[in-house]
Amino acid sequence: MDPMIILTTMFILMVQEGSILLIATLGEIFTERSGILNLGVEGLMCFGALSSFIVYYLTGNWVIATLAAAFAGLMLSLIHAFVSITLKVNQTVSGLAITILGLGLSSFIGRPLALSRVRIEPLESIRIPVLSEIPVIGPSFFNQNPLVYFSYVMVIILWFILYKTSFGLNLRSVGENPSMADSLGINVFLTRYIATLVGGALCGVSGALLILGYYPSWYDGITAGRGWIAVALVIFSSWNPLYAFFGAYFFGLVGTLNATFQSIGFRMIPTDFFRTLPYLLTIVVLVIFSSTRFRRRKMPASLGKPYTREL
Amino acid sequence: MSFAISLASILSAFIISGIIFVFSNVDPILAYYNLFRSFTNSALLSEAVVRAIPIMLVALGLTLAYKANFISVGGEGQIYVGGIVITFLVLWNAQNRFLPDPLFMPIAIIFVFLFSSVWGIIPALLKARFETNEVLTTLMMNYIAQIISNYLVIGPWKDPKGYGFPHSPPFPEYARFPLIPGTTINSSIFIGIFAAIAIYVILAKTKFGFEVKVVGDSYSAAKYAGISYSKVVCLVMAISAGLSGLAGMSLLSGVIGRLRPDFSPGYGYTGIIVAWLCNLNPFIIVLGSIFFGGLLVGGEVLQGSMGLSVGITDVFQALLLITTLSGEFFKRYKLVWRR
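As given, the protein sequences belong to chains A and B, one line each in that order. According to the working numbering, numbering within the first sequence proceeds without interruption in unit steps and concludes at 312. According to the working numbering, numbering within the second sequence proceeds without interruption in unit steps and concludes at 362.
Rather than coming from a laboratory, the hints here were simulated on the basis of the structure. All the given hints hold, so there is nothing to weed out.
List of simulated lysine-lysine pairs, DSSO-like, C-alpha gap at most 27 Å:
{"#": "1", "chain 1": "B", "residue 1": "K354", "chain 2": "A", "residue 2": "K89"}
{"#": "2", "chain 1": "A", "residue 1": "K165", "chain 2": "A", "residue 2": "K306"}
{"#": "3", "chain 1": "B", "residue 1": "K90", "chain 2": "A", "residue 2": "K306"}
{"#": "4", "chain 1": "A", "residue 1": "K306", "chain 2": "B", "residue 2": "K236"}
Just chain A, same shape as in the assembly (with noise of 0.2 Å):
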């Protein structure tokens, strides 16, 4: 085979897989800038893709259908924001709860899809004129579904928010230090309670991406785990929208070397190595962004650390 087609393939899977983990993972760095640790993203995504699932098959509009896997995910973290922020409970745990939640709920409304192979036309790609001209970036980057296109935007945005408006410097000094923050006049409650539920919203966005882009019908357990990968990916990027971008994509080509030394007929290892793969490298990215000299100056001073107003 022409290496140039494999490699464009390549990079096609790589945009696809890294994008849906990219919304996710911008989502995460919001909730979690703001001193929120939710781990229950695996749930809000499923929960997403199977919100946005029944309103695309209902509605054939993809736009409605996104907006309810948004939704969906706010829904879902508003407990989470509540249980954590509100109610002051251990966050790891109550991010447990949310993903078991999410997972069941899924589960359990999308039975009924699962059983009778309901399926959607996946969303069509929109070429960009000129720059899908680029050979290998081109066809991958620039001929993509219009939810892919949104999670590039988002990287700005949120960098934007996060770094240029006061909004995003309020938000980060309520992760950092919430009660200075709190002599400071802003409100650490409303803050969180927002960083959370966008978070949550882009965690259904991320679903939504996987099942109207990628999967033409609903399964169990449809997002392997890409949640978690999302949740790792917050620690690889340092907390920053910027960096999310890379770390995405090269979780996506990760991702997609099952597929490409099957296209090959690679035979050497069994495939089911590769598969292993996203898995293992998130430990071991783990391993060396958890060292001290990487994590100690960026995570947010207070996160997972609930807080309460001294009377």
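Got chain A; can you put chain B on it based on the hints?
Chain B only, in chain A's frame:
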């Protein structure tokens, strides 16, 4: 007061799930009746206990880890590792006959425990050495273990006489846990009960248990007291993973009788919920596991009789965890009216 709050938490979980039932056009009373039918019928109750065994083993192991504030979610993967090890031993022994039949199970229990421990120590070492987030590493290892187990059962360990079905050869009689006469409950339940006593004794009566609690309360206090964090965390995870590995063995040698793809329906995750809901108390966990085992049987009854997905049991479990967690808030803070 505290009891009232617990009761209120459980009630709210029921009410919220009830609303979900109503929205899915299901009579909630009938649904709940089916969900808890195990507790009215001795055959189903016996099934509930069968399902409780792996849940119990996982939850007991996690209790120790959570007491050390090591939030492992690796039970599911460790179940698969245990399954891989016991299948390996069965296949190996079938070829080499290295053990007399009556000795096979005792030796196998030790091997399953040890090899699963090694798997569990990895995330503990990574946390102690590099401060990696243990939730993420243990979770990633779950996916890896499951993929390896499924690869083995579809590939090299597939039963040559299995008509192409993806499962290993059946385990011989000497590699099965005998059933308790008159029931469907297999004898691995005694491992569970022994584990409950052992975890209680470790936590309440030993120096190591004390160290676990100090590490769990405060990392810096442990350091100041000269307790080695890495030693405690590695040992805790060795025991925790060893018990979860035995849960996998209990599933294969006790219930299924061979290795199958995706053989654990999420017992590793149910164990997490049971551990927290039972307030990390070993004896309550034994009872809680039977309750959740009954819930799982009920979920299957619901799926069979009313066509609902077993996912509803996950929803109910998660809701129960969330409402109980929320209840903690009201136990911790006294509500005071202020003018």
